[in-house]
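Novice: Listed below, chain by chain, are the residues.
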Amino acid sequence: MSGKEYSGAEIIINSLVDLGVEVIFGYPGGAVLPLYDALFNQETIRHILVRHEQAAVHAAEGYARSTGKPGVVLVTSGPGATNAVTGLTDAMLDSIPVICLTGQVPVHLIGSDAFQEADTVGITRHCTKHNYLVKDVDNLSRIIHEAFYVATSGRPGPVVVDIPKDIQIFKSSVIHSGVIKHRSYSPEVKGDITSIKAAVTLLAGAKKPIFYTGGGVINSGPAAAQLLREIVHLTGAPITSTLMGLGAYPASDKQFLGMLGMHGTYEANKAMHDCDVMVCVGARFDDRVTGRLDAFSPNSKKIHIDIDRSSINKTVRVDVPIVGDVAHVLEDMLKIWKATILETGRQSYDDWWAKIEKWRRRDCLKYNNSDDVIMPQYALERLQELTKDKDVYFTTEVGQHQMWAAQFLKFEEPNRWMTSGGLGTMGYGFPAAVGVQIAHPDALVIDVAGEASIQMNIQELGTTAQYKLPVKIFILNNEYMGMVRQWQELNHGSRYSETYSEGLPDFVALAEAYGAHGIRVDKPADLDAAIIEMMETEGLVIVDCRVAKLANCFPMVPSGAAHNEMIMFEEEDMQKDFEGGAALV
Amino acid sequence: MYHTRKGLEQASGHTLSIIVDNEAGVLARVIGLFSGRGYNIEHLTVAPVDLEGSESRITVVTIGTPPVIEQIKAQLERLVPVHRVGDLTENGPHVERELALIKVSCIGEQQQAALRIAEAFRAKIVDSSLDSYIFEVTGKTEKIKACIKLMEDVGLVEAVRTGVAALTRGSQAL
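If you read the sequences in order, they're chains P and H.
For the first sequence, position 168 (counting from the first letter as 1) is numbered 237 according to our numbering, and the numbering increases by one without interruption.
For the second sequence, position 58 (counting from the first letter as 1) is numbered 258 according to our numbering, and the numbering increases by one without interruption.
To be clear, the hints were calculated from the coordinates, so they are not data collected in a lab.
For every residue, glycine included, the Cβ atom is placed at its ideal position computed from N, Cα and C.
Honestly, I wouldn't trust all of these hints.
Selected chain P positions facing chain H (in silico; Cβ < 10 Å) [what the hints assert, rightly or not]: (1) Arg-194; (2) Lys-198; (3) Asn-200.
Construct the entire structure; sequences and hints are all you get.
Specialist: And the structure:
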């Protein structure tokens, strides 16, 4: 609270520096000109100019997910803010800490339908964890600090701070310092110890336990992933992960059953269905995981660890709810397990593992390979094989390629896998890769894409060109919006309404137009060479990998089905009819 | 929700008290949560309740099955400016009151009838002209409804209700 006065814009920049921000993803405009002016006069924070505000938010998400730090976005009022809405909603659904600063028209013009005015706090109220409209420059410093606290604590999420242009110019000497203590918001991180004891007792008495883990483990931080490994090893129970949680537990470990859910493995879904005790760690019983709710794991007792109380008993009733941070709760669980169960012993899992091994032998990810045409699964297998020893990060767009990537790429560590899970945002992967590459300039960053999704934020080729970002875009090009087409095959008599990708660009020429390198490959025999060329070429590379056009993603729990009623590759009985399935998403 | 649980659990009315920071947009957050997630609002009242005006108390009467009510409370508690949420229906005995203003236009015999009804409901006359009255009546929702219903036959013009305000009985605060 010194006497020195700063402009609102300076206060914002100083606060960001105080909070350790190194990078901002943004796009300038009229209502943020004072802020951009303040950015111009400093060298601590790097600004990355995107080509569309949606991409700024996805880039911030990619940055956040690959570093564990919050991502920061700066956009202008009106269209700048509304363009950011999809990214904010994406961050909301996947619980990614993002702080989005939006310009606003001057306070006295708010409500007058001024040029580039939008009711940003009104529009973003439902797609943010919290949002602020700053109406007094004296509150600005505190609000910026509070926004970071809210975005990163508890269940993380996006926070919008809407800052009128005059507030950026007005001067104030009120600077926040010290820890933020919010009047009404203070998330609990420690779980209730009685519940944790009950959970340990329940788990120790199980004959057929399973760990079901999600993005909450990754959000909780590296310690949580470490503790998860410890407790899973110690108990000897099988473990499966959601799409969001991949990497929290090493894919190569023999206790890992692969991803569960709609396109999860046979063994993971079967084990989830048949288990007697389920330990849900930082996951939320999403509909992609549960399938038909009344048939979801009917005979199990369920333990649910989640930092968000509203996730507990939302769709599935659980027996032992534990509200708390994953790392804190797992630490307590481990202590109690070591102190009690290690001596008294647990049930034998031999029969359970024998059953699981039988399911595993089904080899649910198999597919018919071909010498003439590249199968998308084969492309991902080769990509996995050729990149496995690299310092590699993967992002994806949304659709079949995303599910195949989740099935065939193997993640050994957290924060290496960035994908749009909850919202399913096509166009997520490329800008997310931009954010990842900014955070990890020397790493190999690959966006596994489809030819339809990639076009949704293809303008970011300008960003990668400007900052010389060596992102690799690996397009599985089947000339269809593959997942929609698969559902049309399944539920709509193979009437492929509007799902053929007509008018595709020449992706090689497109790469070249931006001064990058393009590779086209359509023969299985040439695939390895193409992937190696992609990795060895400096700078951005687009690989236009032409794959089998009508391949389907299996296993699949069709909508309306129970999670143990999977369509398998060899059956391809796509016409199974599940009551009400066609009306579900 | 579990399909198997359907039909086993009855939807019922719950009176929730929500203490919030009295800041811009907080009411929009609360009612937006109800509309966005498909919950019902039967009654809604809101006003600052401390001397400085820094905290407001929102009273919502909503209808749902026990799991839905649980979920509503958890979702409300998740909102950043919400201090605490109390379920008065769940917490035991509580007092609920509502206030209504009822305008009646009447002359002659009907006037006498209106006044008799008002007396029976302990309504106060807060405005009168040669051919009209405005009555103020407080009480439980059922009483308010009954009073308005009876006034229909004696020249009801219009009525306005505040919605429910409620507190738990005894010395404890929420």
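Novice: Does the structure break any of the earlier hints, and which numbers would those be?
Specialist: Every hint satisfied by this model.
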